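Chemist: Listed below, chain by chain, are the residues.
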Amino acid sequence: MQAAPTGGRAIDQVLTADAVSFAYGAHPVLDRVTLGVGSGEFVALVGPNGSGKSTLLRIMLGLLRPASGSVRIFGESPRHLEERWRVGYVPQRSSAAGDVPVTVEEVVATGRLARRGWWRRPGPADRAAVDHALSAVALSDLRHHPVRALSGGQEQRVLIARALAGDPELLVLDEPVAGVDAESQRLFRDSLVHLVREHRAAVLLVSHELGAVADDLDRIVVLRHRVVFDGPPSELARRGVSLGVHAEDLPLWLEGLR
Amino acid sequence: MGLPLPWPFDRDYMQLALAAGLVVGACGPLIGAFLVQRRLALMGDGLGHLAFAGIAAGLLLAVWPVWTAMIAAVGGAIAIEWLRSRGRASGDLALALFFYGGLAGGAVLSSRATGADANVVPWLFGSILTVEPGDVWTVVALGGFVVASVALAGRALLAVVLDEEAARVAGLPVDVLNALLAVLASVTIVAAMRVVGVLLVAALMVLPVASARLLARSFRTTLLAASAIGAGSVVAGLWLARRFALAPGGTIVLVAAAVFAVVASARTGSGAHSPAPPGTTGR
Numbered sequence: 001m002q003a004a005p006t007g008g009r010a011i012d013q014v015l016t017a018d019a020v021s022f023a024y025g026a027h028p029v030l031d032r033v034t035l036g037v038g039s040g041e042f043v044a045l046v047g048p049n050g051s052g053k054s055t056l057l058r059i060m061l062g063l064l065r066p067a068s069g070s071v072r073i074f075g076e077s078p079r080h081l082e083e084r085w086r087v088g089y090v091p092q093r094s095s096a097a098g099d100v101p102v103t104v105e106e107v108v109a110t111g112r113l114a115r116r117g118w119w120r121r122p123g124p125a126d127r128a129a130v131d132h133a134l135s136a137v138a139l140s141d142l143r144h145h146p147v148r149a150l151s152g153g154q155e156q157r158v159l160i161a162r163a164l165a166g167d168p169e170l171l172v173l174d175e176p177v178a179g180v181d182a183e184s185q186r187l188f189r190d191s192l193v194h195l196v197r198e199h200r201a202a203v204l205l206v207s208h209e210l211g212a213v214a215d216d217l218d219r220i221v222v223l224r225h226r227v228v229f230d231g232p233p234s235e236l237a238r239r240g241v242s243l244g245v246h247a248e249d250l251p252l253w254l255e256g257l258r
Numbered sequence: 259m260g261l262p263l264p265w266p267f268d269r270d271y272m273q274l275a276l277a278a279g280l281v282v283g284a285c286g287p288l289i290g291a292f293l294v295q296r297r298l299a300l301m302g303d304g305l306g307h308l309a310f311a312g313i314a315a316g317l318l319l320a321v322w323p324v325w326t327a328m329i330a331a332v333g334g335a336i337a338i339e340w341l342r343s344r345g346r347a348s349g350d351l352a353l354a355l356f357f358y359g360g361l362a363g364g365a366v367l368s369s370r371a372t373g374a375d376a377n378v379v380p381w382l383f384g385s386i387l388t389v390e391p392g393d394v395w396t397v398v399a400l401g402g403f404v405v406a407s408v409a410l411a412g413r414a415l416l417a418v419v420l421d422e423e424a425a426r427v428a429g430l431p432v433d434v435l436n437a438l439l440a441v442l443a444s445v446t447i448v449a450a451m452r453v454v455g456v457l458l459v460a461a462l463m464v465l466p467v468a469s470a471r472l473l474a475r476s477f478r479t480t481l482l483a484a485s486a487i488g489a490g491s492v493v494a495g496l497w498l499a500r501r502f503a504l505a506p507g508g509t510i511v512l513v514a515a516a517v518f519a520v521v522a523s524a525r526t527g528s529g530a531h532s533p534a535p536p537g538t539t540g541r
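The listed protein sequences correspond, in order, to chains F and Z.
Under my numbering, the residues of the first sequence are numbered 1 to 258, in order.
Under my numbering, the residues of the second sequence are numbered 259 to 541, in order.
Think of the hints as simulated: they come from the structure by calculation, not from any bench.
Derived CB-CB ranges, DEER-like:
#	chain 1	residue 1	chain 2	residue 2	range
1	F	82	Z	504	49 to 59 Å
2	Z	351	F	28	24 to 34 Å
3	F	199	Z	354	45 to 55 Å
4	Z	351	F	182	41 to 51 Å
5	F	83	Z	379	48 to 58 Å
6	F	28	Z	406	42 to 52 Å
7	F	140	Z	264	47 to 57 Å
If you want the ones that stay clear, here's a sample from chain F, every Cβ over 12 Å from chain Z, calculated:
#	residue
8	18
9	48
10	124
11	132
12	138
13	229
14	231
15	252
Not the full set, but computed from the structure, chain F residues with beta-carbon under 8 Å of chain Z:
#	residue
16	61
17	63
18	85
19	89
20	98
21	100
22	102
23	103
24	107
25	110
26	114
27	119
28	146
Since the model is a prediction, treat every value here as computed from it, not as a measurement.
Using N, Cα and C, we set each Cβ at its ideal position, and we do this for glycine too.
The whole structure should be built from the sequences, with the hints applied where relevant.
Modeler: This is how it looks when you write it as structure tokens:
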């Protein structure tokens with residue numbers, strides 16, 4: 001487990017991967033990957049397509065077992081963590097709507113189930129958490145709208161609100177801003193910064209473009225089957241890689257990491 | 259029963275048919291909505307075929323076919339779920355396996371059943387006009403189980419059918435909830451097979467949902483509307499069946515299909531459906 005690099009100050013690690021390796025058949029994907037996310041830290045995990053980001057994410061969430069190495073969430077192995085609601089997960093956009101209409105509020109309310117016990121009826125605290133999550137992503141006005149009538153960016157914010165409704169202490173997001181318009185990116189950035197600053201939650205953002213959040217990150221971890229960079233954005237900027245909203249540098253630099 | 263109901267429900271046999279039909283018409287779509295949301299609309303059909311094998315086994319062994327159908331459908335539902343979740347077969351491939359296995363098993367078993375009551379036709383196409391008070395109580399009990407389960411676990415089932423992976427990460431007991439949905443689908447099938455028969459069972463679970471999804475904006479109102487359409491189709495189907503001396507099971511399903519045709523064309527005609535805002539992914 002590595003020490004957190006933030007000013008030499010020891011931080012409680014909420015999520016750690018220790019020498020994690022994984023292969024699909026004979027095709028190695030992750031090679032002794034070690035990284036940590038501290039309490040209240042805002043970390044981006046970036047890498048080119050096929051660099052193992054999604055695999056590492058699935059291992060850290062307990063959806064896949066590593067070939068070797070270990071993962072800890074709040075000090076527990078992912079499969080044995082009892083208080084699963086402490087982890088909020090925003091999957092890649094695709095699954096918010098199905099063949100049957102479902103409203104924004106209905107989807108967001110499912111994010112509360114694990115926390116209160118799935119067989120219980122929602123109480124005042126649950127309704128307040130859903131209200132808060134909806135306003136954090138600026139969807140309060142659309143709460144009774146069917147999800148299938150939303151734009152891509154709005155739908156992505158529904159999934160973020162669903163994760164926020166459980167008041168997570170760690171929020172993990174998989175490619176959340178891919179193909180999302182600028183307005184939604186700004187709202188997305190605001191809701192994440194709100195979560196980190198106001199709720200002291202840790203955020204791990206997996207993406208190949210950092211867009212609007214570049215200035216708010218505590219650390220960037222660059223993955224290409226192994227960790228090739230782990231440090232503050234300023235350090236990456238010193239290497240001549242700019243991270244702004246419309247910067248082309250990061251994707252180009254990532255593609256150059258071969 | 260002998261309740262003073264207007265024609266065509268003035269006779270005892272029609273009142274028993276109405277009671278069983280209303281329960282099935284209202285409960286079928288409740289479960290069907292979750293299956294449609296998961297894009298497993300044909301699951302009811304696969305389970306119906308398995309139930310057919312169970313019925314044939316019951317006739318062969320001279321036990322009440324409802325129980326053997328229940329065993330076959332619940333066992334099959336859990337096996338389909340196991341195959342699907344372990345990735346051993348895709349959802350529709352797993353269904354196809356049981357679809358044809360069940361039908362072939364039923365055909366073989368029923369060919370060996372030669373008792374006086376060993377007639378599979380009423381089970382294939384339903385025999386709602388011959389239900390007895392005992393049958394109605396069975397249907398009511400099964401329907402009560404379905405309604406109570408949806409009231410208790412409906413929110414969690416919605417979370418799982420919407421996004422199984424996110425539900426798993428959040429710590430919901432996804433495997434238990436999937437098994438519960440499979441069992442509920444089986445129970446619904448068994449309750450409905452006396453009404454419309456195993457070949458048309460799935461229609462009562464899916465067709466009212468297909469109509470309701472065009473009318474409703476939320477999952478909750480879809481459930482309620484689909485239940486109402488299902489129950490209404492039973493009433494209208496029984497009325498038409500008696501008026502024109504038609505097979506009641508098939509008539510009920512045709513009414514449900516006609517409701518869909520009317521709703522779908524009204525929505526298309528008014529242009530009210532899917533004025534998608536820019537950037538929508540086209541669902």
